[in-house]
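Novice: Sequence:
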Amino acid sequence: MARTPAPEGAEVYFITPADGAVVSNPVTIQFGARGIGIAPAGVDWPDTGHHHLLINVDPTEVDMEFGLPADDQYRHFGGGQTEVTLDLPAGTHTMFLLLGDHNHVPHDPPILSEVITITVE
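Count the sequence shown with the working numbering and you get residues 1128 to 1248, in order.
Be aware that a few hints might be false.
With beta-carbon atoms standing in for the labels, derived distance ranges [said to hold, decoys possible]:
no., residue 1, residue 2, range
1, T1209, P1237, 13 to 21 Å
2, M1191, V1149, 30 to 38 Å
3, P1186, R1161, 29 to 37 Å
Everything labelled a hint here was simulated from the structure, so no lab data went into it. The beta-carbon is built from N, C-alpha and C at its ideal position, and this holds for glycine as well.
Let the hints inform the model, and build the full structure from the sequences given.
Specialist: Written out as structure tokens, the structure reads:
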């Protein structure tokens, strides 16, 4: 299956929390996107995708050629959501956003955010 081309200049980012933030549960995480629309999974509209939040995952270990798994580390937002509130274990966590196309496959090239680190007290 061919990957969906990424719109030129498309990007995703965290609105909150900020990199280095110290937070307490529940943690609200807000996602932003520029240069690409957000649509539910399964909806094949041009220049759209949906968010995935990867927690404590090394971006270099993600297989960008196939659909992303769904578990506690790979959180899918196939309804087109741009926010989530989670209870995370106390400690330090890294996270990044990765857009997927209508089939949960990363675009070509992948549209991913910077990796941020937060500490949950």
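Novice: Hint by hint, which ones does this structure get wrong, listed from lowest number up?
Specialist: 3
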